[in-house]
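Following the hints, complete the assembly by docking chain B onto the known chain A.
The primary structure of each chain is shown beneath.
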Amino acid sequence: MIDFTAIRAGEEIVIGPLTAFRFWRYRLVPLQLLSWCLDERSWLPNEPFEADVPPELYSTHGVHAYKTTQGLLDYIRDPQALVDDFGLGLRKMDGIVLGSVGLWGAVVICKNGYRAQYARPQQFTQAFGNQADEVLARLRAYFQII
Amino acid sequence: MADVGKPERRVIVVPEEKPVSVPIPDQPKPVKAPEKEPA
Numbered sequence: 035m036i037d038f039t040a041i042r043a044g045e046e047i048v049i050g051p052l053t054a055f056r057f058w059r060y061r062l063v064p065l066q067l068l069s070w071c072l073d074e075r076s077w078l079p080n081e082p083f084e085a086d087v088p089p090e091l092y093s094t095h096g097v098h099a100y101k102t103t104q105g106l107l108d109y110i111r112d113p114q115a116l117v118d119d120f121g122l123g124l125r126k127m128d129g130i131v132l133g134s135v136g137l138w139g140a141v142v143i144c145k146n147g148y149r150a151q152y153a154r155p156q157q158f159t160q161a162f163g164n165q166a167d168e169v170l171a172r173l174r175a176y177f178q179i180i
Numbered sequence: 006m007a008d009v010g011k012p013e014r015r016v017i018v019v020p021e022e023k024p025v026s027v028p029i030p031d032q033p034k035p036v037k038a039p040e041k042e043p044a
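Residue numbers (this note's numbering), protein chains in the order written: chain A, 35 to 180; chain B, 6 to 44.
Since the hints were derived computationally from the structure, they do not count as laboratory data.
Yeah, the Cβ is synthetic: ideal placement off N, Cα and C, and Gly gets one too.
Computed footprint of chain B on chain A, listed as stretches where at least three residues anywhere in the stretch have a Cβ under 8 Å from a Cβ of chain B:
(1) 39-49
(2) 87-93
(3) 137-144
(4) 148-161
Bound-form chain B, shown alone:
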């Protein structure tokens, strides 16, 4: 295309990533061990 002028330097441009919100799944409720019945 066009004459964009004298080159000055080469850089690496990294596109900014938009933050993504990730839902945290519900933590499983601890399962209570059945109480042992007294013998």
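Chain A extracted, bound-state conformation:
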């Protein structure tokens, strides 16, 4: 998966994965976990989610996630308002779910978070939207995680 021939001279190698915090959109029928951006690719169990383009220092590519839960909450501020404002519009979602991810591959370390080449959900902690409690249990079972 990692293309070791793409590592550049002087790039630091870190043993991972790095743990970080992010949120996703979910849909209930069928159950789908999607990025907040308009990427329609589902996140799947047992399969790393790969960024369209590996992140570079001065680009916006990569799977975005925050270093801390507080950093994530500072960004989204009011999760229920996100669902209310965007749910039935462009984002076409039933709600959002918060959790943590493992990140690896090429990773750009930023002030408040990361942009990574590969990611996999590690935990789902809170959901907001339609059938929020139920979807939390369904996603945990689907991804076989806490």
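Chain B alone, transformed into the frame defined by chain A:
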């Protein structure tokens, strides 16, 4: 998604591999050459 702030540096993160124990097959017992009977 989100604004994760000013980029600082790019690193390569390699997932740690869990050690795998590989069973060592039993060594074949040496076969003793038949003793030659005295002529």
